[in-house]
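Chains X and Z: place on chain H using the hints.
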Amino acid sequence: MFSLFVHEGEKMNKTKVASSILLVVSIIMILYALIFTPADWIVYAIAIIFIPFFILSLGLLTMAKPKNDEKEERIQEPFIGY
Amino acid sequence: MSLASLGGNLLGIVPLGDIVFYLNPLHLFLFVAILIFTFLIAISHTETQVEAEFGTLGDKKQSVGLKEFKARRFLSVICGIATAGAMITGDLYNFTLFMSLVGILNIGIISSVKQIGVLDSVFQYGLIAMMCSLPLFGGAAIVLGACGTVSLLAIQSMKPTAMMIFGAIMLFIGVCGESGIAPFFASKAEMFRTPGSPFLLIVHLSSLFIIIRAIEIVLIICT
Amino acid sequence: MYNLMADILINVCIAFLAGSLLLGLHRKIMARVQSRPGPPIIQYLLHSLKFFFKESSFPKTVSKPFYLAIVVILCGIWVTAVIVTNVVYGSLLLIFGIYAVHKIVEHNSGSSSGSPYGKLSCVRAVYSAASELPLFGGSILVLYLTVHTMDIGQIISYQAAHGPLIFAAPLAALMFFVTIITKAPYSPFGITLGKDIISGFETEHFGFLRGFIMISESMCWYVLLWLFLTLFFGPLSIIGYVIGMIVITCITGLISATTPMLNPNHSVMSQMTITLIGVVGSIALMII
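Protein chains in written order, with this note's numbering: chain H, 1 to 82; chain X, 1001 to 1223; chain Z, 2001 to 2288.
Covered stretches of chain H (in silico footprint by chain Z; criterion: 3 or more residues with CB under 8 Å from a CB of chain Z, positions within the stretch not fixed): (1) 30-36; (2) 46-56; (3) 64-74.
Within a straight-line C-alpha distance of at most 20 Å, the following computed SDA-like cross-link-like pairs (lysine to any residue) qualify: (4) Z/2103 to Z/2272; (5) Z/2103 to X/1187; (6) Z/2060 to Z/2117; (7) H/16 to H/66; (8) Z/2050 to H/66; (9) X/1061 to H/72; (10) H/71 to Z/2206; (11) H/16 to Z/2058; (12) Z/2183 to Z/2198.
Simulated DEER-style distance windows between Cβ atoms: (13) X/1117 to H/76: 25 to 33 Å; (14) H/39 to X/1162: 43 to 51 Å; (15) X/1157 to Z/2281: 27 to 35 Å; (16) Z/2040 to X/1015: 57 to 65 Å; (17) X/1063 to Z/2284: 51 to 59 Å; (18) Z/2001 to X/1042: 39 to 47 Å; (19) X/1123 to Z/2160: 49 to 57 Å; (20) H/25 to Z/2269: 46 to 54 Å.
No lab work stands behind these hints, which were simulated from the structure alone. Where is the CB? At the ideal position from N, CA and C, for every residue including glycine.
The following block holds chain H by itself, in its conformation from the complex:
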């Protein structure tokens, strides 16, 4: 039982860590393009790749998490969790 909670906690932590890293990398790349004004094609590539990743990582960090005992039924299809 304890190991199950630890495993779930690890998984949630992994998502949080990965999203935070992605958020920081996106912000750094966008700031790099803003401050150092590299070649045009690099700016286009940074804008097209890192603006969506910025929004994605923000979403993964801000999204609400379900309670542990309800988590399983929320991801079952068809969803009849309520």
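Then chains X and Z, alone, in the frame of chain H:
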């Protein structure tokens, strides 16, 4: 008409013998997009389709078996790479070759499915693709005969003649049939009622991108 | 000194904010036509932001990583569209390519979820791609035959010299306008998002993924309206764009409020008929 007025300024040429790849912003976008999708398909799992059963409160789950998954994934990745090649090629004949390869792969991807309605649809698509390989290669041959070259970089500066326009129209008809778009194959959508979402994606995406490239090529030849 | 990244960021923010307010206005107009008070105009923007804080479950049956990746790709392509139109004034064929990838996103978000509603939306996306892409493509093809270029910058210069293209290529403007109607919410041609299939391809994308899709769709709406005004009414001032976008949103709101959603066959046939009339009619007008 110049290439620059269609897809943006020429960014570069990759001379690979007689297969000359050229890049402008349009091609770069299409090329990068198709490679991103191909990479995602190579690392994807398939979905499980869930439907209600008749007569009980249970659910029917349909998913893709392992053998079928591996075969379809291989064909999809090759289809993606072939489409990427078609996006940047500057040689008309190479474009037609890539197109026919994509057509064959599309048929292969869907025909590994075990649903009768889907198999009927892909059989009919196969017939149309076979029939349309005549205008496809014939059109390219007519353009070669009328221009003396299959290089799009050379054709862009030539004044269009009646034979060139006819060849371009034949080529476009061939591409439409080979990729199975409406009005040649209006019920292609029936092929998509099966599980295996990443593989269906490449079938649809390859057709759409090749049509965009075909429109550019026809405009280069005809104007 | 000109900072390209700042230009891009400002344009993306304007696209998102203006697009959200215009879509909110669209919903308000629909409500008022139907004798309802309707939500406030800012509602679309608030919903997009609200969804980021909601619980987002990823169903077990989805195709990973496409379920998540396709939403990121949708945002990526409309950021590209904002760059190509507002920053670089690039090629219309690129916008056509982006429109094609949007149809692919509708296709794949539907099928990657495994839900029957998504699957139906995926199949309808293929049907509607067969009619919407020729409609949009026909419009830019007629523009190309009129102006002999696909480059937005050159089309703007052409209009500065020869006057607005709405008089020279009226059928192309009609086809482009029908494309805009197709992309409007509750549109008669909106078969992939029809309520008979719940929310179509968006059904199984909950929580922040839905908010993300809404952000991308607001940028899509802004880009399409900007393009229509720029391609057919020539270089405009900011006030011109604001008034033009509000007028187009009001007209599409009126159309969406008073028309039923067409059944998929009728939707496809109507769009194909309009394309045929538009292209053949324009070529006939050029020859005569």
